[in-house]
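The opening residue of the sequence shown carries number 1 in our numbering; numbering runs sequentially from there.
Among these hints, one or two may not hold up.
[Unchecked claim] Between beta-carbon pairs, the in silico distance windows are:
1) A6 to A41: 18 to 26 Å
2) T111 to T13: 36 to 44 Å
3) L61 to Q91: 29 to 37 Å
4) G108 to C24: 31 to 39 Å
[Said to hold, decoys possible] Derived lysine to any residue pairs resembling SDA-like cross-links, with alpha carbons at most 25 Å apart:
5) K66 to D12
6) K66 to T50
7) K38 to V49
8) K66 to R14
9) K66 to R40
10) K66 to A25
11) K38 to G62
12) K66 to L55
13) K38 to G60
14) K38 to L61
15) K38 to Q48
16) K66 to A6
17) K66 to A112
Keep in mind that the hints were calculated from the coordinates and are not lab data.
Each residue gets a CB set at the ideal place from its N, CA and C atoms; glycine is no exception.
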Amino acid sequence: MLRAIAEAGYSDTRARRAVVGALCAAPAGATPAQLLSKARAMHSGLGQVTVYRTLEILSGLGLVRKLHAERGCPSYAAATRRHGHYVICSQCRKAAEFEGCAVESALGKVTAQTGYEVNGHW
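Using the sequences provided together with the hints, build the complete structure.
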């Protein structure tokens, strides 16, 4: 992730390294507040805004995915596949990424029925 950030022209800062480290240590996903707490162990001066900005950069580069929960704050997880999806346990809230996408086969029908061209989903 750090290499991709640098190759995209972003600075390699201690704060970003701390956020990436915290994200990598939470393979099942973590909320921004959880990432802040874990990342502060590596960089005590880290602020919440930096966590959100780093997540925005990583998301734009396709390196993390935002996991939408039924309620509460969304969490983020490292994307290990070019196109993947997550299942989230309703009891422990842990997430697991999986390959395959049944939605892809239905997109043509959605376009035919609505007239809209679907260019993504979550």
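Is the Cα-Cα distance between K38 and V49 25 Å or less?
It holds: about 15 Å lies between the C-alpha atoms, which stays within 25 Å.
Do G108 and C24 keep their Cβ atoms within the hinted range of 31 to 39 Å?
Since G108 and C24 have Cβ atoms about 37 Å apart, the given range 31 to 39 Å holds.
Quick one, are K66 and D12 close enough, alpha carbons at most 25 Å?
holds, 22 Å
Sort out whether G60 lies within 25 Å of K38, counting only the CA atoms.
Holds - the C-alpha atoms of G60 and K38 are around 22 Å apart, at most 25 Å.
Within 25 Å, alpha carbon to alpha carbon, are K66 and R40?
Measuring from Cα to Cα gives roughly 21 Å; hence the hint holds.
Keeping to a limit of 25 Å between CA atoms, is the pair of K66 and A6 held or broken?
Answer holds: K66 to A6 is near 22 Å, not above 25 Å.
Next pair to validate is K66 with L55; report whether the Cα-Cα distance is within 25 Å.
Judged against 25 Å, a Cα distance of about 9 Å means the pair holds.
Are the Cα atoms of K66 and T50 separated by 25 Å or less?
holds, 17 Å
Quick check on a hinted range of 29 to 37 Å for L61 and Q91, using CB atoms only.
holds, 32 Å
Starting from K38, check that the Cα of G62 is at most 25 Å away, please.
holds, 22 Å
Range hint 36 to 44 Å: satisfied by the CB atoms of T111 and T13?
holds, 43 Å
If you draw a straight line from the CA of K66 to the CA of A112, is it 25 Å or shorter?
Between K66 and A112 the Cα gap is close to 29 Å, so the pair fails against 25 Å, i.e. violated.
When held up to the earlier numbered hints, the structure conflicts with hint 17 and nothing else.
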